[in-house]
Amino acid sequence: MTGNVWVVAEQWRGHISEITYETLALGREVADGLGVPLTAVLAGCGIKDLAQTLGCADSVLYVDHPLLAEPIPELCAEALAQLMQARKPCALLVPLTNVSLGIGALVSIRLGNTAVNSCHDIKIVDGKLQAICVMYGGKIEVVVEPAGELAILGVGPGARPADKGRSERSPSIEEATVTLEDSRVRLKRYIDPEAGDVDLTKQDVLVAVGRGIQSRDNITLAEELAKALGGAVAGSRPVIDQGWLPLSRQVGKSGLAVKPKLYVALGISGAPEHIEGMKDAKLIVAVNSDARAPIFNVAHYGIVGDVLETLPLLTEAIEARKTASHHA
Amino acid sequence: MHILVLLKMVPDVVEDLEIAPDGKALDLEYLRMILSESDDHALEQALLLKERHGGKLTVLALDAPEVDDALFTAAAKGADRVVKVVGMDAGLTTRQAASVFAQVIRRETGLLPADLVLTGVQAIDDLDGLIAPLVAHELGLPYLGILTRVSFDAPGQLVQAIKEYPGGVRGEFEVTLPAVLGMQAAEKPPRYVPVAKVRAAMKSQKIDCTPVPTLADGGRPAIEVVEMKRNEPAGHAEMLEGDPAQASGELCGILAERGLF
Amino acid sequence: MPNLALLYLWILTLAAFGLFGHRVYRYVKILLGAHPEKRWDHIGQRLKLVLVNVLGQRRLLEEPVAGVAHLLIFWAFVFYASSFFWNLVCGLFPMLPIPSADQVGWMRAALAVFGVLGLVALAVAAVRRYFFTPPRLERSSDASLILVLIAVVLISALVGLYFRTSAPEVSRAMWWVHMVTVLGFLAYLPYSKHMHLLVAPFGVFFGSLQPGSVPAASEGAARRDEFTWRQLLSGLACAECGRCDRACPAFNSGFALSPKMLMHHMKLLVRGEAGGADGAGFIGDVVKQEEIWACTSCLACMTRCPVMNEHVPVLIEMRRHLVGRGDMDKSLQEALKNLTRYGNSFGTAPRARPKWTQQLQFPIKDARKEPVHYLWFVGDYASYDPRVAGATCAAARVFRKAGLDFGILHEGEYNSGNDVRLAGEEGLFETLRDKNLKSFAKAHFDEVVTTDPHSFHVLKHEYPATNGARSVRHYTQLLSDLILSGELPLRKKLGMKVTYHDPCYLGRYNAIFNAPRRVIAALGLDLVEMPQNRTFAYCCGAGGGRIWMEDPPVIKERPALTRVREAASLKGVHTLVVVCPKDLVMFQDAIKTLGLEDKLEVRELCELVEQAMG
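Protein chains in written order, with this note's numbering: chain A, 2 to 329; chain B, 241 to 501; chain C, 11 to 624.
Watch out, some of these pointers could steer you wrong.
[Stated by the list, open to error] Once the Cα atoms are required to be at most 25 Å apart in a straight line, the calculated SDA-like pairs of lysine to any residue come out as:
#  : chain 1 : residue 1 : chain 2 : residue 2
1  : A       : Lys-124   : B       : Asp-309
2  : C       : Lys-347   : A       : Asp-291
3  : A       : Lys-260   : A       : Pro-162
4  : C       : Lys-365   : A       : Asp-291
5  : A       : Lys-283   : B       : Val-254
6  : C       : Lys-379   : C       : Gly-413
7  : C       : Lys-602   : A       : Glu-310
8  : A       : Lys-189   : B       : Arg-389
9  : B       : Lys-428   : A       : Pro-313
10 : C       : Lys-347   : B       : Pro-429
11 : C       : Lys-445   : B       : Asp-309
12 : B       : Lys-428   : A       : Leu-284
13 : A       : Lys-49    : A       : Tyr-63
14 : B       : Lys-264   : A       : Gly-149
15 : C       : Lys-365   : B       : Ile-259
16 : B       : Lys-296   : B       : Gly-380
17 : B       : Lys-469   : A       : Asp-122
18 : A       : Lys-262   : B       : Glu-490
19 : C       : Lys-609   : A       : Pro-313
20 : B       : Lys-264   : A       : Leu-248
21 : C       : Lys-347   : B       : Val-254
22 : B       : Lys-296   : B       : Gln-397
23 : A       : Lys-124   : B       : Leu-266
24 : A       : Lys-260   : A       : Glu-169
25 : C       : Lys-375   : B       : Tyr-270
26 : C       : Lys-566   : A       : Gln-215
27 : C       : Lys-340   : A       : Leu-248
28 : C       : Lys-347   : B       : Val-250
29 : C       : Lys-347   : A       : Gln-215
30 : C       : Lys-347   : A       : Gly-244
31 : B       : Lys-428   : A       : Leu-188
32 : A       : Lys-165   : A       : Leu-248
[Stated by the list, open to error] One side of the interface only, derived from the structure: several residues of chain A facing chain C at Cβ under 10 Å:
#  : residue
33 : Arg-212
34 : Gln-215
35 : Ser-216
36 : Asp-218
37 : Asp-242
38 : Gly-244
39 : Ser-290
40 : Gly-306
Everything labelled a hint here was simulated from the structure, so no lab data went into it.
Only a predicted model underlies this, so the values are computations on that prediction, with no experimental measurement involved.
Ideal placement from N, C-alpha and C gives every residue a C-beta, glycine not left out.
Go ahead and model the full structure; you've got the sequences and the hints to work with.
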């Protein structure tokens with residue numbers, strides 16, 4: 002394959018997202034594997050200085066346009082399509098977060114191509130790219146080969162460690178122009194979440210509950226464990242949707258991204274949308290009655306069992322240990 | 241006002257998923273199909289809009305096992321017309337499905353003009369794209385996705401929508417109609433409709449069937465599946481054995497060792 | 011009688027009867043215009059109900075003091091009512107050559123005896139009402155007025171009798187006091203709770219011959235014209251005695267539901283005094299949704315009600331209405347969705363239903379594939395809930411050791427649908443029933459046995475027998491029969507004290523009390539009865555679909571906790587025996603919540619049978 006490997010640098014509200022660095026790390030590997038340069042594409046308005054952080058790439062293609070100030074998928078896709086038609090990269094890696102979701106699909110159809118979703122790894126086999134993707138809530142892994150000269154790949158969170166995509170190096174920055182019309186989609190304003198009683202991002206220990214907690218009443222069991230561990234209770238989306246925990250406790254794609262020292266996942270299946278929010282926790286422990294739950298892919302320790310039975314026993318064990326060491 | 245809702249059936253992951261002998265697709269034997277969760281939300285949002293502003297609601301789905309149940313349920317909930325595309329091969333990819341949707345929407349009488357096309361933002365079997373943006377492009381309509389609220393100040397040219405961003409942030413958007421919107425969640429959870437009402441809908445309403453149009457690429461997807469396998473959590477987590485008391489005891493020890501409490 | 015007095019009597023009589031008749035006519039019209047319900051069948055059985063419950067006052071006697079008092083007042087009333095009419099006819103038609111009641115010797119004697127007894131009973135009733143007020147008995151002015159009126163009626167008659175010969179003017183005056191009071195009472199009757207005098211006998215006659223049955227399929231009821239006449243009649247028959255409230259586990263736990271207030275609201279609905287002109291606001295303004303969902307369908311209210319009111323069918327009709335609107339809490343909705351799609355409330359794949367059998371050392375026959383004698387209908391909780399798996403396996407081992415030829419339907423079994431009906435989703439019940447019937451039709455078996463009382467009830471009463479006559483038994487009945495015929499090999503006597511919880515669906519619903527007790531006795535266990543046992547057993551709170559619903563945030567104490575406390579209070583008893591998977595789960599949780607693990611444990615009877623089999 003000829004042409005560069007491009008990585009879309011996701012920028013939002015004045016920052017480069019974590020996932021950009023993860024994707025750059027992956028892009029670096031792919032580019033090196035193919036023997037072609039790695040280009041980061043940064044689109045925005047007046048954020049050229051952010052391009053400096055993208056040194057993992059060989060070069061940065063910076064597009065400045067007032068309509069690109071906010072990352073609206075339609076406009077980003079149009080800009081990317083124009084650049085790609087002119088410069089013909091061999092691969093485009095698009096981060097998959099709420100900010101950038103849809104860009105890949107829109108670019109692909111503008112270029113008469115196909116986008117692949119939810120990759121968490123890319124391999125090079127016989128000089129061609131193979132994307133390893135997850136489907137069905139993380140239960141199935143599928144290896145696909147995009148056809149044609151251009152591979153558009155959506156990269157999910159956690160494909161590579163973000164640190165591998167950071168670099169002290171200053172990349173060469175090239176400015177490009179695109180023509181954009183007013184979009185029929187306009188952002189009016191952001192609504193920041195109300196502060197909850199607890200800031201999950203500042204907790205060392207999080208005890209998170211999913212569907213497996215079964216009822217609102219059982220959340221007290223999780224609270225007891227959180228108390229014993231000096232942490233707070235969090236929840237996956239289904240628990241918040243049921244109204245058992247407030248929005249401020251949601252961890253995941255549309256909730257918070259947390260990096261506690263300990264994350265206890267109870268009755269959480271481990272769909273990618275949740276993993277996105279907690280994959281960087283230092284120690285992940287999961288309890289689930291399904292031995293095949295995808296959560297065990299990210300957990301360091303796992304227990305296959307009934308959450309409602311195991312949870313109080315764990316709390317008990319911890320309390321006992323604390324009392325014992327207190328008296329010792 | 242006319243709202244069009246696109247529904248897709250996806251494999252039900254409550255059942256254990258098995259791989260077909262060729263190692264490239266799901267085994268269909270025990271596979272059950274269920275309405276994609278965010279499509280259900282799209283339908284609910286459409287019903288809410290119809291309740292508030294009146295108008296017509298049409299539901300369009302691709303033929304699949306158990307799709308009739310989903311369509312009659314939609315009818316029982318309040319859809320005015322339910323349409324099914326028939327005659328295609330099983331296992332269409334998302335890209336192909338979007339193409340079928342777009343062509344049928346243009347060809348079939350009564351589906352256009354539509355003020356709003358609502359569908360789920362994502363489905364668990366989306367491998368090569370997303371329905372909403374692909375259909376939007378083929379129809380020449382704007383697209384916005386990951387929405388949790390859609391409302392009209394007053395029915396007209398504009399619609400207000402709330403999009404989910406990371407960290408609990410939400411974005412308030414304005415979209416010029418007609419448009420395609422990808423719903424993440426409706427304002428209210430999908431309503432319950434009693435079995436008796438669905439059965440009544442089966443008797444009183446018809447599913448309009450329309451044949452599948454020929455696909456541009458001859459039905460061959462632009463990506464090739466090399467291999468499909470179950471995502472066994474092989475070797476990542478250290479599994480703690482024993483009955484719940486033993487396992488939790490061991491875990492307690494590990495946490496203590498690491499000074500986590 | 012002077013002509014003026016006769017004229018007054020006629021005027022008063024016509025006025026009183028007119029008012030009375032007009033009101034009663036309006037009620038009858040409303041009832042006739044309501045939804046139909048077949049209650050003219052089995053006249054013989056119905057007359058027997060009237061004999062036992064109206065003439066015999068059987069249910070009232072369950073509270074002995076009030077019961078005896080009321081029995082006396084009732085019979086006093088019967089005599090006095092007869093004598094009143096007798097006297098009225100004599101008074102209105104003085105030309106008739108019939109003696110008046112007080113001119114006939116035996117009638118005088120009866121009136122005197124019942125008059126005195128009646129006054130004594132009234133005194134007892136008044137003391138109970140005002141000095142030892144039972145909970146849930148309202149000391150309304152309506153009630154007080156009635157006591158006074160009855161007293162006046164009796165006293166005036168007695169005084170009149172006493173002065174019959176010695177002071178005929180006094181006697182005459184008393185006659186007028188008596189007649190005017192009764193006429194006034196007659197006119198007042200349709201406005202007071204004492205309508206029950208008139209309506210209760212009809213309520214009993216038209217009572218349900220199968221109290222545990224669910225109303226015929228309907229779209230539910232929210233307005234007056236959507237209920238059946240029998241459901242509306244319950245409102246009119248209610249004497250507001252409060253027995254239902256005293257028995258209700260939901261009410262006693264602090265839920266919003268009061269069966270008595272429900273009946274009172276039904277009365278208001280019939281009178282057009284609730285929910286607006288057409289009763290459209292009945293649900294919401296008058297009866298709150300939390301009340302409707304709070305019921306556990308334990309049937310205690312209906313079992314205790316002396317006038318055979320039908321609280322549960324009324325609630326089911328209202329639940330059907332709410333379900334039709336999709337108005338229910340999210341957990342119930344989730345459970346119903348899972349039941350519709352997967353045939354179980356857990357949302358687990360149907361294929362996983364027989365997974366519990368993997369814990370056994372032997373395979374269990376598939377009744378769909380090979381013929382068996384007993385089809386064991388296992389039930390959802392027994393199959394899917396890990397906390398019950400131990401008991402289910404014990405049952406399997408017991409059946410095997412007893413040499414029974416049994417099998418299960420494996421994935422062909424679906425939720426029996428009992429609680430789905432109680433939750434108001436009649437259509438879903440029919441779907442589940444039909445799915446089960448299809449599996450039955452494919453299977454080969456002679457009898458059905460089940461370890462789940464909820465399933466037992468609906469299989470026995472609502473599933474048509476297929477492939478010929480089938481018996482449906484709960485496993486305690488089967489074991490009891492085996493014990494009686496000497497076919498159950500018991501090797502050990504477990505000599506410990508236990509207590510036993512009668513599950514609602516065996517006990518109140520099906521009058522199965524002795525079979526489990528026979529099994530307990532045969533195991534050599536020393537049974538200490540719960541203070542509330544047999545038809546008085548206190549529900550664990552899981553029925554009526556409540557196990558699928560969230561509890562409201564503020565309640566006094568859940569029914570299961572109260573029941574466990576009751577068991578724990580028995581001296582020397584450390585084992586609470588249950589025969590229902592839901593009881594097992596509810597009581598285990600309750601014991602943990604109360605921290606009584608050292609004092610009490612719950613055991614399924616089949617686990618003890620296994621122990622005794624050695």
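Structure-based check of each hint:
1. For the given pair, Lys-124/A sits about 41 Å from Asp-309/B by alpha-carbon distance, which is inconsistent with the 25 Å threshold.
2. Of the supplied pair hints, the one linking Lys-347/C and Asp-291/A holds, its CA atoms being roughly 21 Å apart against a limit of 25 Å.
3. With a C-alpha separation of about 13 Å, the suggested pairing of Lys-260/A with Pro-162/A holds against the 25 Å cut-off.
4. The suggested pairing of Lys-365/C with Asp-291/A holds, with an alpha-carbon distance near 13 Å, which does not exceed 25 Å.
5. For the hint pairing Lys-283/A with Val-254/B, the CA-to-CA distance comes to about 30 Å; that exceeds 25 Å, so the pair is violated.
6. Note on Lys-379/C and Gly-413/C: the hinted pairing holds, with a Cα-Cα distance of about 20 Å set against a maximum of 25 Å.
7. The hinted pair formed by Lys-602/C and Glu-310/A meets the criterion: a straight-line CA distance of about 12 Å does not exceed 25 Å.
8. Under the criterion of a C-alpha separation no larger than 25 Å, the hint pairing Lys-189/A with Arg-389/B is consistent with the structure, at around 15 Å.
9. For a cut-off of 25 Å, the pair hint linking Lys-428/B to Pro-313/A is broken: about 33 Å separates their Cα positions.
10. For a cut-off of 25 Å, the pair hint linking Lys-347/C to Pro-429/B stands: about 13 Å separates their Cα positions.
11. For the suggested pair Lys-445/C and Asp-309/B, the alpha carbons sit about 16 Å apart, so the restraint of at most 25 Å is met.
12. Our distance criterion of 25 Å between C-alpha atoms is broken by Lys-428/B and Leu-284/A, whose separation comes to about 36 Å.
13. Restraint check: the Cα-Cα separation between Lys-49/A and Tyr-63/A comes to about 7 Å, which is no more than 25 Å; the hinted pair holds.
14. Under the criterion of a C-alpha separation no larger than 25 Å, the hint pairing Lys-264/B with Gly-149/A is consistent with the structure, at around 20 Å.
15. Of the pairs offered as hints, the one joining Lys-365/C and Ile-259/B holds, with about 21 Å between alpha carbons and a cut-off of 25 Å not exceeded.
16. Taken as a hint, the Lys-296/B and Gly-380/B pair is honoured in the structure, with Cα atoms around 22 Å apart against an allowance of 25 Å.
17. At most 25 Å may separate the alpha-carbon atoms for a hinted pair to count; Lys-469/B and Asp-122/A meet this at roughly 15 Å.
18. Annotation: proposed proximity of Lys-262/A to Glu-490/B holds, straight-line Cα distance about 19 Å (limit 25 Å).
19. Proposed proximity of Lys-609/C and Pro-313/A is supported: the alpha carbons are some 20 Å apart, at most 25 Å.
20. Simply put, Lys-264/B and Leu-248/A have alpha-carbon atoms about 39 Å apart, too far for the 25 Å limit, and the pair is violated.
21. For the given pair, Lys-347/C sits about 13 Å from Val-254/B by alpha-carbon distance, which is consistent with the 25 Å threshold.
22. About 17 Å separates the Cα atoms of Lys-296/B and Gln-397/B, which keeps this hinted pair within 25 Å; it holds.
23. Of the supplied pair hints, the one linking Lys-124/A and Leu-266/B holds, its CA atoms being roughly 23 Å apart against a limit of 25 Å.
24. Taking the CA atoms of Lys-260/A and Glu-169/A, the gap is about 24 Å. The hint holds against a cut of 25 Å.
25. Between Lys-375/C and Tyr-270/B the CA atoms are separated by roughly 22 Å; this keeps the pair inside 25 Å, and the hint holds.
26. Distance hint between Lys-566/C and Gln-215/A is fulfilled; the C-alpha atoms sit about 23 Å from each other, no more than 25 Å.
27. The straight-line distance between the Cα atoms of Lys-340/C and Leu-248/A is roughly 17 Å, inside the 25 Å bound, and the hint therefore holds.
28. Proximity of Lys-347/C to Val-250/B is assessed by CA-CA distance (about 17 Å); at most 25 Å being required, the pair is judged to hold.
29. For a cut-off of 25 Å, the pair hint linking Lys-347/C to Gln-215/A stands: about 15 Å separates their Cα positions.
30. Distance check on the hinted pair: Lys-347/C and Gly-244/A sit about 18 Å apart at the alpha-carbon level, within 25 Å; holds.
31. A threshold of 25 Å between alpha carbons decides the hint, and for Lys-428/B with Leu-188/A the separation of about 23 Å falls inside it, so the pair holds.
32. Annotation: proposed proximity of Lys-165/A to Leu-248/A is violated, straight-line Cα distance about 32 Å (limit 25 Å).
33. For Arg-212/A, the suggested interface contact is upheld, since its CB lies about 8 Å from the closest CB of chain C, less than 10 Å.
34. Hint on Gln-215/A holds. Least Cβ distance to chain C is approximately 9 Å, under the 10 Å limit.
35. For Ser-216/A, the interface hint holds, since its Cβ comes within 10 Å of a Cβ in chain C; the closest pair sits about 7 Å apart.
36. The criterion of a C-beta within 10 Å of any C-beta in chain C is met by Asp-218/A, whose closest approach is roughly 7 Å, and the hint holds.
37. Against a cut-off of 10 Å between C-beta atoms, the interface hint on Asp-242/A holds, since the closest Cβ of chain C lies about 9 Å away.
38. The closest approach between the C-beta of Gly-244/A and any C-beta of chain C is roughly 7 Å, which is under the 10 Å cut-off, so the hint is satisfied.
39. For Ser-290/A, the interface hint holds, since its Cβ comes within 10 Å of a Cβ in chain C; the closest pair sits about 8 Å apart.
40. The interface hint given for Gly-306/A holds, since its Cβ lies 9 Å from the closest Cβ of chain C, which is under the 10 Å cut-off.
Comparing the model with each earlier hint shows violations of hints 1, 5, 9, 12, 20 and 32; every other hint is respected.
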